[in-house]
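**Q** The residues making up each chain are set out below.
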Amino acid sequence: MRTRHNLAVVLSAVVLVCCAALILSQGVNAAGEGKITGTVKLDGAAPHMKGIDMSKDPYCSKAHATDPAHLETYVTGASGGLENVVLYISDWSGSAQVSTAVLEFNQKNCMYTPHVLAMDVGETFKVETSDQTAHNIHPNPNPMTGNIPWNQSQPPGAPPVEKSWKAPEFIEVKCNIHPWMHGWFAVVKGPYATTDENGDYTINNVPSGNYTVTAWQEAAGTQNQKVTVAAGGSAKADFTFKAK
Amino acid sequence: MRTRLQNWTLLVSSAALLAFPSTSWAQLTTFDIGTRIGAESHVGNITGHAKDASLPYRRYCVGCHGPLGDGNGENAPYMQPPMYQQPRDFQLGIFKCRSTPTGTLPTDQDLFDAITRGFDRSNMPQWNTLSKQERADLVAWVKHFSPRWANEKPGTPIQIPPEPEVTAERIKAGRDVFARVQCWKCHGVQGMANGPSASTLQDDLGRPIAAFNFTDGTRPKCGDTDQDIYRIFMTGLDGTPMPSFADNIKPDEAWDLVFYLRTFMAQKSKEKEMAKQLALKPVDPNAPVGQQ
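Going down the list, the sequences are from chains A and B.
Positions 35 to 278 (the working numbering) are the ones given, in order, by the first sequence.
Positions 57 to 348 (the working numbering) are the ones given, in order, by the second sequence.
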């Protein structure tokens, strides 16, 4: 009991100091929200992505009869743009972003669409299936973070599953029936964006202030950049990853 | 010759080492765990106290589950999956046998039943030789290892409607459910654990794991009453590839499926007799969806 009180005191002191520091140094202004844009590229040739043998499930292999499936660890566009990179503000101290649209994570042709789904803490997302074969949707977070793993079946025609996550974490999601199916729930705090097929991104709804933008790629790791967003303005942060 | 100061330094540094054992970030220390020694369990009208289970845990459990409850006891390296699953890591707070929905904590009764029943095809024996009070104390002790119990409440147990009478129609309907939700993907069309996905199954920690073989005469891990089988597929076995089917099987259909699964089992049963008379064929994995 004593230790718990001490911990609470220390924690609240830390929080107070942090808040004060943030207010003094940044002067975050809620009015006139800006944005952060940029492009994420992959340095050098894209690594070879192995093809996927789906012969275990005829439905899946038939769906990819003309367009063979490949692993999606690195997905690059024509100009070296890197897709599926999550951009977020790692020193975000504001409140959670309220989003109106419900995010969708679909199981289509025995692959996940999108491969990486970024979301805010507490934001609702929907897991759907378009396939005529059974899947099980099995995210595997670390329970020590406060995110609890679950595992639900989605046979053909199953209703969507609606969920959200409690804590920031990059959570792997798998299907045990189709072991090649592999995707990510990127749970972050505050505004975020995911790069498109050209590697471009835009983080909207960013109040003016100084921020650290972090780019996360599932295999290459993270990179940081400091940016300053003026009220209603736009900051730019480009990233280049090296394939590991 | 050592000076008094040197002695002191030695004492202080060894005390510091004892107080802060170096462990990885995910592992709790005895200090973290010790703060939850007040954990309790409530099973029926018995209240279990974690502090009373320290000795029985050291005597009966620590060899496999380890002093920190992380499943790294001294016997653990000798249990090789998929034949023998490794001892449960209590720190994660994730349990297979629950009456509660997937992703939630089990009830105290669930843990009590697991200790009492043991796990077939594993190194976990039945502990029904311990008194109910001792088992309830051990439930509280198991709970005190994971911070989840301090932050969350157990899930609400799923409702199991009264078991209906077995009929030929129900067994046939159960076969349709088996085909529709595609149990055979792992368990095989005859329940022999030889479905197309059986060979690649892994648990949440990436260790190989086998689907349940209904035909080899062993019992399901979470009990072998009809209610237990109902519960297994409606809650899922967390930490394993077995998902929850609660969103996709209605309560009445669930009973049909229980009866159909019984027809695979080696043990004599009414369902097995009926299936023989019906001359039921295994489902066809290549039939289009909805056309069995």
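It cannot be assumed that every hint is accurate.
What the hints assert, rightly or not - Among chain A residues calculated to face chain B with C-beta under 10 Å, some are:
| # | residue |
| --- | --- |
| 1 | ASP91 |
| 2 | GLN259 |
| 3 | THR262 |
As the list claims (entries may be wrong) - Okay, derived cross-link-like pairs now, SDA-like style, lysine to any residue, Cα gap no bigger than 25 Å in a straight line:
| # | chain 1 | residue 1 | chain 2 | residue 2 |
| --- | --- | --- | --- | --- |
| 4 | A | LYS90 | B | ALA206 |
| 5 | A | LYS160 | A | SER113 |
| 6 | B | LYS107 | B | GLY122 |
| 7 | B | LYS228 | B | ASP169 |
| 8 | A | LYS96 | B | PRO338 |
| 9 | A | LYS75 | A | GLU196 |
| 10 | B | LYS337 | A | LYS160 |
| 11 | B | LYS328 | B | ARG263 |
| 12 | B | LYS228 | B | THR281 |
| 13 | B | LYS209 | A | GLU196 |
| 14 | A | LYS90 | B | LYS328 |
| 15 | A | LYS197 | B | MET248 |
| 16 | A | LYS200 | B | ALA302 |
| 17 | A | LYS84 | B | ARG115 |
| 18 | B | LYS209 | A | LEU105 |
Keep in mind the hints are simulated off the structure, nothing from the lab.
Just so we're clear, the structure is a prediction, and the values are computed from it rather than from any experiment.
Ideal Cβ positions, reconstructed from N, Cα and C, are used throughout, including at glycine.
**Q** Hints first: check each against the structure and report whether it holds.
**A** Hints versus structure:
1. ASP91: holds, 6 Å
2. GLN259: violated, 26 Å
3. THR262: violated, 33 Å
4. A:LYS90 <-> B:ALA206: Given that 25 Å is the threshold and the Cα spacing comes to 43 Å, the pair is violated.
5. A:LYS160 <-> A:SER113: violated, 32 Å
6. B:LYS107 <-> B:GLY122: holds, 17 Å
7. B:LYS228 <-> B:ASP169: violated, 32 Å
8. A:LYS96 <-> B:PRO338: Holds, at about 24 Å.
9. A:LYS75 <-> A:GLU196: violated, 33 Å
10. B:LYS337 <-> A:LYS160: violated, 37 Å
11. B:LYS328 <-> B:ARG263: violated, 34 Å
12. B:LYS228 <-> B:THR281: Holds, at about 20 Å.
13. B:LYS209 <-> A:GLU196: holds, 21 Å
14. A:LYS90 <-> B:LYS328: Not OK: LYS90 of chain A and LYS328 of chain B at ~30 Å, beyond 25 Å, violated.
15. A:LYS197 <-> B:MET248: Cα-Cα ~34 Å, so violated.
16. A:LYS200 <-> B:ALA302: With Cα atoms ~23 Å apart, LYS200 of chain A and ALA302 of chain B stay inside 25 Å; holds.
17. A:LYS84 <-> B:ARG115: Answer violated: LYS84 of chain A to ARG115 of chain B is near 51 Å, above 25 Å.
18. B:LYS209 <-> A:LEU105: violated, 39 Å
Going through the hint list in order, the structure does not satisfy hints 2, 3, 4, 5, 7, 9, 10, 11, 14, 15, 17, 18.
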